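Add chains B, C and D to chain A, keeping to what the hints say.
Protein chains: 4
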Amino acid sequence: MSERITPYTRRVFYYETDKMAIVHNSNYLRIFEEARLDYMEKAGLDYPALEARGVLIPVVSASVRYLSPLRYGDEFSVETRMTAFNGIRFSYRYRIVRPSDGAVCAEGESGHCFLDEAARVPVSLRRREPEMYTVWKSLMDEETEHGT
Amino acid sequence: MSERITPYTRRVFYYETDKMAIVHNSNYLRIFEEARLDYMEKAGLDYPALEARGVLIPVVSASVRYLSPLRYGDEFSVETRMTAFNGIRFSYRYRIVRPSDGAVCAEGESGHCFLDEAARVPVSLRRREPEMYTVWKSLMDEETEHGT
Amino acid sequence: MSERITPYTRRVFYYETDKMAIVHNSNYLRIFEEARLDYMEKAGLDYPALEARGVLIPVVSASVRYLSPLRYGDEFSVETRMTAFNGIRFSYRYRIVRPSDGAVCAEGESGHCFLDEAARVPVSLRRREPEMYTVWKSLMDEETEHGT
Amino acid sequence: MSERITPYTRRVFYYETDKMAIVHNSNYLRIFEEARLDYMEKAGLDYPALEARGVLIPVVSASVRYLSPLRYGDEFSVETRMTAFNGIRFSYRYRIVRPSDGAVCAEGESGHCFLDEAARVPVSLRRREPEMYTVWKSLMDEETEHGT
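Residue numbers (my numbering), protein chains in the order written: chain A, 1 to 148; chain B, 1 to 148; chain C, 1 to 148; chain D, 1 to 148.
Simulated from the structure, these hints should not be mistaken for laboratory data.
There are no misleading hints in this set.
Repeated chains share a single entry, so a pair holds when one copy, or any two copies, can fit it.
Using 16 Å as the maximum straight-line C-alpha spacing, the simulated EDC-like pairs for lysine to aspartate or glutamate come out as follows: (1) K137 - D46; (2) K19 - D116; (3) K19 - E51; (4) K42 - E142; (5) K42 - E143; (6) K19 - E34; (7) K19 - E117.
None of the values given here were measured: they were computed from a predicted structure.
Looking at chain A on its own, in the form it has when it is part of the complex:
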């Protein structure tokens, strides 16, 4: 993980639980999204600006491994890193940790592409937004250097 990007943290909301008294499995994809957008913001990858310029970032794949259930009130921390980026597609990896007992609660990945909002076709960030591409590319290089 990039040294300068701190983990995303918050506590579990009541409405995120289901009748098993644990966070519903679908909500982990929402937590991944929160963590991903927080990471982007901290890294200077301005997603709202990108969307304002007509480029969306849909999810093309996602996976989760549920290891220790989160419960109402649990504080959790999400370690996020970008694991691939070629200007057309990119990937993130997530690890949700519960500081109170050190448990790894879940791990997962998501894959994304850049999409033209109007045409609804994939676009090359390098050609469409070259300045933004440079920022994303630098971050990927930084991640690769520090990566596992």
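Relative to the frame of chain A, chains B, C and D by itself:
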């Protein structure tokens, strides 16, 4: 309720429950929305067409009285009626009933306006979409005749 | 509002929006719940302890007036106060403000009762949990003194 | 897919969309859950009875490939099959199809175990609920015969 518009029915999904093992209070507003759009469709008030023409129907107010909690697997039926319509604002009333024991599970209301999507200002349906206005107006007259 | 209880704040998550590009109406009830539980915690009304002792706090009524839509990324602040408490039922009032432009985005209320988890019948907090009752009662007195 | 188990179908709800005007990625896990529980019911695998006897079925892993976005009002059909079952763990596979244009909208898998509700440890269905085990086992054999 209009004689020709049948109630909206489905069963409770697992993920709609919370750790109290009942449907989360916020989900009743989602069920009201499902019932309202189903009512509109059955009544010939074509909401997708309206939205495609740049008119949105946001919610300006909503209220719920929770009477008997819905649980996972419960089948429920929503009786919906339009209770006011003047071409600028309109209101709906809802009653959620559980056929298995006849319980009234919840009652509520919602208020709405017509909104221009681009300008984000309220619009008069009569002036903006006169043909659609006529259909809505007729339905309101029909509701009034059969009302309460 | 009690002087010592600070407003609840966070930012809008992407998944809280709908295709109108605003926060879905149902999510305001979720935000109210977040704010209510945050208020309880700050006030020393220990809800997790209450639930652990078999007393639930279901919602018996709720209402929202939507004034200015919240959008993705908006920071918001919720001013919460307890407006009634008699040991059997109690009420909260909420005001969601967006600091960036000072807009009041929504206002609302919720009504609650204390419920025995096993028997699923309302209980008197005074008789069931007299020590907790005293804390709640003191807070209500404090709210009344400072109240509008 | 078992010949006798029909696909699960419904239409997309308005609140399932996000500001990209497509169904939010997390909701596909909810749709998988709806389809899985519908499949279980149609197959005679009585999940509510199992839960009433203190056996939960948490999700231990899940994955989704998003192929063609679902939009508000789309009717979709989910083809579900059980792909593995050994009495302790089991897996499902899902394919969401949109009949209007024949598009495969998403594919995915989920992995599950049987969990003792009180002890929160995995249990063997064969030992804990032998009669139910037999029903599940027969279905798995049936799936294997008809499987791809």
